[in-house]
Structure formats: structure tokens, C-alpha cells
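With the hints as extra help, turn the sequences into a complete structure.
In the order they appear, the protein sequences are chains A and B.
For the first sequence, our numbering gives the first residue as 1, with consecutive numbering after it.
For the second sequence, our numbering gives the first residue as 1, with consecutive numbering after it.
Fair warning: there could be bad hints in the mix.
When the alpha-carbon atoms are kept at most 27 angstroms apart in a straight line, the in silico DSSO-like pairs for lysine-lysine are as follows [what the hints assert, rightly or not]: (1) B:K54 to A:K386; (2) A:K40 to B:K84; (3) A:K40 to B:K37; (4) B:K58 to A:K386; (5) B:K30 to A:K56; (6) B:K53 to A:K56; (7) A:K56 to A:K197; (8) A:K314 to B:K30; (9) B:K84 to B:K20; (10) B:K58 to B:K19.
In case anyone wonders, no lab produced these hints; they're calculated from the structure.
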Amino acid sequence: MNKTNPPRILEKVLGYILPKYVGHTALGDFAEEYDRVANKRGNGPANFWYVLQILKSIPAFIRNSIRWGFVMFRNYMKVTLRTIHRHKCFSFINIVGLAVGMACVIIILLWVQYELSFDKHHEKEERIFRIASESHAYPPPTKTVVTPPPMASALVQEFPEIEASARLSRGGGNKLFSYRNKHFYESYFAVDPSFFKIFTFDFVEGEASTALNDPYSVVLSEGQARKLFGSQNPIGQIIQFDEKTDLTVTGIIKNIPSNSHLMRDIFIPFETWGKLYEEPLHHWGYWSFYTYILTRPNVNNEEIETKFPVFAEKHGIPKQKLFLQPLLDIHLHSHFQGEISPNTNVLTLLLFGSIAILILIIACINYMNLTTARASARLKEVGTRKVVGAHRSQIARQFLGESFLMALLSLIISLFLVQMFVPYFNSLAERHLTFNGHSILQIFPGILLLILSVGMLAGSYPALLLSSFKPITVFRGGGEKGSQKRRLRNVLVAVQFSISLILIISTLLVKSQLDYVRDKEMGFDRDQILVVPLHDNKIRQNVGPVLDELKRNPRILYAASSMHLPNDMGASTTIKWPGKPEEEQTWVKVSEVSYDYTELYGIKILSGRSFSREYPSDENGAFLVNESAKRLMGEDFRLGIGLSHWGRPEPSGQIVGVMKDFHLNSIHEEIKPMYIYLKPDRGQHLSIKIKGGRLPETIAYIRQTMEKFSPLYPFEYHFFDDLFNTAYIEEQKMGSMFGVFALIAVFIACMGVFGLSAFLAEQKRKEIGIRKVLGASVSKIVYMLTRDLLWLVLFANIIGWPVAYYAMSRWLQNFAYRTDIHIGIFLLSSILILLISFVTLSYQAIKAARANPVDSLRYE
Amino acid sequence: MKFLSRPEEIILFTILKLKKDAYCVPIREKASEISVKEWSFGAVYVPLHRLEKKGFVKSCFDDPTPIRGGRSRRIYKLTAAGMKALAEVRELQENMWAETPEFSHE
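Quick look at the structure:
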């Protein structure tokens, strides 16, 4: 007789769902019966019969597992809650640590969510691109997002793939808008009418397709309209723009959400704006505007890009390598010259994401250490469970479940924490995060992953360890075989402190770089200088009398007007000089200034002279170049040679002097060739150098003067120092956020050590008692208790230092000019962390050491 | 006296009849034969388990055989209590049938 056995896989399945009490002999029974059926009716029916048996046993299986699952679950819950209740201090440390860690992660998640949501509200977002270019005019190549004004229409004409294009201009910053008696400065965009067809803005009033068709129309945001007109119907109202022209309101859009790289409340027609300011809108060398395009559906943008070189050649800009930036990439991946609004660096997000995760890891380590350290307290429970028949896997599951419960509790608390701290984060990072049901839903997968990973990370090691105890050793009263366990615990503590140390070192280094920037010799003065933006064209074009009037006050040392301030040299142009090869285009930075500019800012003149009223010829055109520009010209350079710029064939004046190099933009960038040109009537700013003291009076005088010359324009002034610092706001924000996160990390790590030391002191109560009875001093005992953990903290330095060094030297690469990485910072951080951990540890140690030995040694 | 359920009663009876080789497969066959209806394995395991808990049967494992995929058989034996229970059932039955007037099934 042949013997046939049922298929392995079926046996496995059946074996799994059969109740445990019938055991594996039942499988034997089934195998035997299977063999009988197979012999009688063949393999097919036998298999069928076997599967039927499986199906029949499923309902009972489910019933049983749910019932017993529930019974055991209730028991586990009870035990868990009792444990939490009994060990309030440890539970507090665990839950608070995890909650704070989770709150950090959730806030970062919200932040990432927010940054990723930029510009997504435009319906055609996938087809919208911005034109950017890489300039190879002079090395190194620089990327910029500004384009010349005629490009937009040329693109639509020459590329069938492009459906529409729109130009955008920031229009020289804030301008004066007036409605009846209300006068105010406001930033705005000048855009082509097609702008509202490409981008999706919600029109509350008016039509997107026709809103800016009229050359003297204006589109306002709802908020702006309410501010101006109150409850009146805004459509058809007339506002005055910069004392030049009247504009009729033709459209009202919903306020633009903060997660948009285009944020303004006023939109005026581009062409009109160009006419008002006599801008050379046909000029291909005028790189100041933003060009957005909408491609036709199903067009490959790479195809368009391959045609760009020909396009650039045709329009005489062969040194500009044009490319397309997808709209959604702009906020996170574009950090080029001329960005409209400061964009976020993906690296920053990654950095803070990893910091949050590190904090969470520290909290998880607390949980692991405190749970395993107290393992002895749960030994009897584990032993009992095992004796009454619990599997190792069941015990492991119980402890995993416990950690999940802890994670869940912490999550609930962390949500409250997030609710509390989102406004704080918003002010710290200058973001507009919201935390409500909707945003929770959006990051829900993240939260789920968070709780799963925390539960697993924190719970798996205790679960494995606790479930491994043998009941017999537990009940015989044998201790733990702990050396290995203790070693792992030590490693984990060392990891915690290394992380904290790295964060502290980084914080201090960021701060030292910021200080370095603040105190670095920039090449120009920053103190005692007031800046008054010039909004009024009348003053701009005839600034002399204003300057004279200002200088009449003895407290005002200098007054000068200029296109740019020394910390933000904006414009670029091509220049030519005698001896320069004709075909090469050389781009340099340029600014137009009045007399006294170099004196006011303390810019040093190395050779030649500054602009001077004593040389009337200066009025006809005079240049001051910096050292870099001198180097650029090389052997052609001589004082007195003529320079031509802005694409003009004839020289516009002669070089009268050489300035010492000063930093043109932020300290991130190298100093580039630049020159300043004497032309007082194009100034955007008045700079005023004042004497120290009696500041309010001086400002009052400046206010009077300004109001006398342009009564309509509200007076506005800044300290140059503040303006200078705005370039480093991103870093300052990052620095302070870094500091906060580092503080949190150290705090959680210390809580863990605090708990651990409390546990150790408790464990060694008897030993301490005996030692004291035998005459040990308090300090000896404190030393005994803190020694091990302090060694660990010292050991953490060995891991922490190189990591911090590596990370921070990478970060500093971002700056063209950077501070040295001082050993002092490392030492300081180490001492700091040793001190903090010693204070934390000694609290418990001293408490234990001062306890009366009678209490610890007495037997009840 | 503990009452037995009908399946328990039948199973106990089959074990008695099978004497030595009383494990699940033959018990199932015999039970199906006696009661003229197909018994599933589940219908055997549950009462067997219960009987064992009540102490009417005891079990032991014998050597594994290849036909069972290398698994041993669980052989059941009646305990003294089990014998007593069966005797009580029989007595009960006989008591019930005694002094019963003419009885026809149809």
C-alpha cells in the first residue's frame, strides 16, 4: 500500500490553526485519514477533504484567539497600568521623554509638510516653469533667476510648445500708494495680464482672464481691499500709484496663502509700470525680471531646454545657459541670485529632521535603560507567567505591547505639546504652521510610523531581555547575570551623551560663526548710520538740496544717496575698457552713488581718489573700481582710462580710483569685481552718518527735513546695522532653533541619567548602609555612585568630538569666510556636559549617601 | 454522579470497545459506525479532551509511524472513573427500560 502524506503547506496551515491542546498528534490523525481517502478516492479528493478540514476549524480558531486575546489583553493592560502607577518617577521620565521627542518629530513633520505644500494651489502647477540661467560670463558660473524683459514674448513666439508666458517685476521695492487721504508704502508685483491665466488665484471679484487687460487697472487682495475701502465695493475704486498715475481696481483675489513663493497684495500691469519708470523693456541685457511660462499639455520640458542654446544665440545672450525650473521646485531647490522670496534649503529640513530623530532616539534609550534596569522588579511576574504556561513569544509580546502603550500615551501628550509649541516654533522659525485636525490627518501616516517605530525601538530590547529569563533561576533567587546587560546599557548611555554633546558643540559653533560674521571686518562701517529709503521720485531726481539741508545739522557727519547699500550690491552689467577683447562679455557688479559715499561708509581708497566736487569733470562720469575689478582688467588697468557700461559703445567716464575690496553681499559669497559710478539722481536710499548721542533729536531733524521735501510720503528709516543683519537672519534663526533642540536633547538625556542613578542608588541601598556603618564618608559614597556614569559621559566625548568636527566643518563650507573650529568650543562643551550630568547624578547620590543606614539595613 | 453528554458517552463506549488501539482515527470510525452518522475529527477531539479533563480517560503517546508523517499516536484508555461512569450509564439505561410497557419505534 502506498503511503501518501498531505502537502506540507496544508499541514503547516492546519497545524497553526488547530487548538493547542490537540497538539501535533492531531496532525498525525489527519495525515492518516488523508492517506486512507487518497488510497480510496485519489489525491485530488484527498486534498479537497484536507482543505475542507482546515476551513471547518477556522471559525473556532478565530473565536478562541479573540476571546483569549481579549482576556490576556485585559490582564496586560492591568499590569502595565499598575507598573506605571507604582513607579511614578520612572514612568514620568519615560512618558515625558518620549512625549517631548515625539513632539519634536511631529513639529518637524508639520514643518516638512508645510514646506512641501508650497505653490501647490496653482491648478496648472505641473506645467508652470520659471526661466533661470547660468551665466558663463566670468568664472565661476553663477545661476540667476532673473531674465531680460523681451524674453517672455519671444519664447511664446518661437516655441510652439509654450502656451503662455508672463513677466513679473518687483518694481523696485515698496512704493507709495494713495487712496484719498491714506498714503502707505506697499510692495507689489508688476505682471503681464497672462499672469492670472498661468497661475491660479481665487478671484472674489472680477475675472482672472481680463483683470489686468486695461493698462490702468490694478488687482488687490481681499485684505488690502478691506484695509483701503472698508466695506465699500472695491471694484471701480481708484487708487493712486507713486504719485504718477491712477489705477482702477478691476479684480479682488483671495489673500495669497503664506506657502507661496509669490506673495503680494497688489498687482499692477507690467507694461504700464515699464512706461512710468521709462524702463528699457526691449533690452536683452536688462536682467532684472522674472519670466514664467506655461507649457502645453504633454510637452516634455527637456525638449524645450534643448532648443535654448539656439534661442540664446539668436538673441545675443550666448553666455547665458537657460534652463527651466518647475514651479514646485522653486521653494526647496532654488537658491540662485535674485530669488523673489527667501527659499528653504532641503538640507535645513533634513538637518532638523535628523535632530528631531536623534532626540527621539535619546528618549527611546531612556525607556530601554530604565525598563531593563528595573527588570529585576518584573522577574517574578515573568517567572510566574512562564510557570503557568506563557510562551516566550507571549511575554515578549506583552512587553512590546507595554512599550506601545507608553508610546501611545506619550503621543497623546505630545499632541498637546505640539499644540502648545507650534506658535513658539512659528515665531522662532518665521513660518506659518497650523496644527489642527486637518494637518494631523495630513501627517497621519507619519504619526503612525512614528508610534510604530518608537514602540519597536524602545520596546524590542526590553521585550527580548525580559522574556529570556528562566523561571527556575528567577525563583531560586539567583541574581541577574547582568554584566553583558550592563555593558549594553552603558553603551546606550554613552550614545545619548555623544548625541547631546554633538548638539551642544554644533550650537556653540553656529553661534561662533554668527559672531564671526557680526564682528568681521567687512570693509565698510556699520555703526551710527541711518538709512532712509527714497520713495519719492522728485527727491530722487534732485537729491542735492536734501543732502545739503541734512548736512546743515552739526550732528550729521555725512549724507549720501545711492542705488544700493554696501551690504547688498544688486545689479550686474557688462563693461568694456580699452584693450579688452571685443567679443568677450564681462559682467561686473555696479552701483550708482552720490558724493561722500565712500567717506560715509569708510570704504578705503587704495590709489587715486574718491569722487570729489573739486573735480568738476566727475559730474560727467567717474568710476571707482574695487581691487577685484582691477585684477580682472589686469595689465590694461590704469587710473584715468575710460570705461563703458550698460552695453553702450562710448566710454561713460574714467576710472578715478581703486577701492579696497569690501564684502558685497552676504559673507557666504566671495568678493566679486565691482565698481561704483557717480550718479546721485538714481538713488534708492539715503545714507546718513551721525554722531553718537542725542539720537532722538537727530532723527527728528531728519524726519522734518524729509517731510519738508516730500510731504506726502510717510517718513521711514532704518539702522544700517539692522539691515546688515537681515542677511544673516536665516542663520540666526537656525542658530537659535539649534540651541533649543540641543537643550531639549540634553534635558531628556539628563532625565534618563537621573532615573538610572535613582535606580542604582536604590539597588545599592544596603551596600551604602553597610559602608556607612563601617565608616565611609558621604563624599566617598557619592564618588562610588557617580563614578561609572561619569566615566561614560567622558567616554561619550571620544565619539562626540570627531562626529561634531566632521559635521561642523561640512556646515562651515557654506561660508566663503568662516571662523576657525576652536578646540576651546569642544572643551567647553565637554566640561558643560560633564557638569550637567554630575549635578544630575549627584542629587540622587547625595540623597542616598546621606540616608540613615538604620533605614536601609533594618529588617521588618 | 456526573452526567455525560451523548457524544461523550459514545466516545467512552468506543474506547471501551476498541480496547488497545483507541486513538482518534479508529475512535472516529467506530463512533460513526455505532451512531450511523459521519463524525468529524473536531467532534471527537472536543469530547475526548473534556473526558480527559473530567478524569474518565487517560492518554499516552506511542511510537511515531511514517504514515502519520512521523507523528505519534495518542492512545486513550479508560480510567476506573471512566469504567464506573459507563456502568452507571448502563444501569441508568436499564433502569429506564425496566418496567416499560410495550414500546414500538415506528
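For each hint, the structure was consulted:
no.	hint	result
1	B:K54 to A:K386	holds, 25 angstroms
2	A:K40 to B:K84	violated, 39 angstroms
3	A:K40 to B:K37	holds, 19 angstroms
4	B:K58 to A:K386	holds, 25 angstroms
5	B:K30 to A:K56	holds, 22 angstroms
6	B:K53 to A:K56	holds, 24 angstroms
7	A:K56 to A:K197	violated, 65 angstroms
8	A:K314 to B:K30	violated, 100 angstroms
9	B:K84 to B:K20	holds, 19 angstroms
10	B:K58 to B:K19	holds, 13 angstroms
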